[in-house]
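Chemist: The residues making up each chain are set out below.
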Amino acid sequence: MAIFNNPYNYYNNYQQYGQQMQQPQQNQQSQQIQQNGFVSVRSEEEAKNYPIALGTSVTFMDENKPFVYAKTMGFSQLDRPTFKVFKLVEQNQAQETSFNNDIDKSKSEEEKALYEALNSDIDHLKKEVKDIKKFMKQFEED
Amino acid sequence: MNINMLMSQLQSIKNNPIQFLMQNKFNVPQNLNSPNDVIQHLLNTGQINQNQLNQANQKLRELQNNPNFNGLIK
Chain A
1 MAIFNNPYNY YNNYQQYGQQ MQQPQQNQQS QQIQQNGFVS VRSEEEAKNY PIALGTSVTF
61 MDENKPFVYA KTMGFSQLDR PTFKVFKLVE QNQAQETSFN NDIDKSKSEE EKALYEALNS
121 DIDHLKKEVK DIKKFMKQFE ED
Chain B
143 MNINMLMSQL QSIKNNPIQF LMQNKFNVPQ NLNSPNDVIQ HLLNTGQINQ NQLNQANQKL
203 RELQNNPNFN GLIK
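These protein sequences, in sequence, are chains A and B. Just so you know, the first sequence maps onto residues 1 to 142 in this note's numbering. Just so you know, the second sequence maps onto residues 143 to 216 in this note's numbering.
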């Protein structure tokens, strides 16, 4: 029988594929939520309806809007999946510089306040030393 | 298995081959009609995993976005 012309080759390949599909895939002994990569969806509705396995978390990227959705399923079929929506905000160079400037500004104000407090303490100490010297001088004269 | 049962099974295959395949190959109950329900059943029974589903979905999305298949796949 010629191998290449065997019409049953396709059936044999299909059988092997079926056997692979039936092998147990999930290991639920380690009870940790498994993360997967981004899945593209066209709408929030599609993300909400997307089938998700127990103990898994899937993150979706909306193709039409700047949103990311995260759907997490617990370890029990009785649990309802949690669904979170995140809005993507682009952080460009100008915004990053102004953000850093705000940090620098707040730092310098803090330093300024500390410097002023130290200065005031030094002035107070100087005044006390002056008073003591005056008292000592008076005492010596007497 | 007698000839009548064989004939009956052949008839059900002819009428709805996908349903026959789902029930006998993947043990999908008859009351599950929507694709998402069927997929959820396969996930719950461990016959497919989340990665396989995501990859299949990705391939489907690529085909949908391919202009050569435009309109053929929904």
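Treat each hint with caution, since some may be false.
With a cut-off of at most 30 Å between alpha-carbon atoms, the simulated DSS-like pairs for lysine-lysine come out as follows [to be verified]: (1) A:K137 / A:K127; (2) A:K84 / B:K156; (3) B:K201 / B:K167; (4) A:K87 / B:K201; (5) A:K48 / B:K167; (6) A:K65 / B:K167; (7) B:K156 / B:K167; (8) B:K201 / A:K71; (9) A:K48 / B:K156.
Label-pair ranges, simulated between beta-carbon atoms [to be verified]: (10) B:E204 / A:Q32: 51 to 57 Å; (11) B:N186 / A:E110: 30 to 36 Å; (12) A:E63 / B:N146: 49 to 55 Å; (13) B:K156 / A:N49: 28 to 34 Å.
Which bits of chain B does chain A cover? Going by a derived footprint, with three or more residues having C-beta under 8 Å, they are [unchecked claim]: (14) 177 to 191; (15) 194 to 203.
What the hints contain is simulated information worked out from the structure, not anything from laboratory work. Predicted model, so just to flag it, every value in this text is computed and none were measured. We put the CB at the ideal spot given by N, CA and C, even for glycine.
Chemist: Could you run down the list of hints and mark each one as holding or not?
Modeler: These are the hints, each one checked on the structure:
no.	hint	verdict
1	A:K137 / A:K127	holds, 15 Å
2	A:K84 / B:K156	violated, 45 Å
3	B:K201 / B:K167	holds, 23 Å
4	A:K87 / B:K201	holds, 26 Å
5	A:K48 / B:K167	holds, 28 Å
6	A:K65 / B:K167	violated, 39 Å
7	B:K156 / B:K167	holds, 16 Å
8	B:K201 / A:K71	holds, 21 Å
9	A:K48 / B:K156	violated, 35 Å
10	B:E204 / A:Q32: 51 to 57 Å	violated, 30 Å
11	B:N186 / A:E110: 30 to 36 Å	violated, 56 Å
12	A:E63 / B:N146: 49 to 55 Å	holds, 53 Å
13	B:K156 / A:N49: 28 to 34 Å	holds, 32 Å
14	177 to 191	holds (count 9)
15	194 to 203	holds (count 6)
Of the numbered hints stated above, those contradicted by the structure are hints 2, 6, 9, 10 and 11, listed in ascending order.
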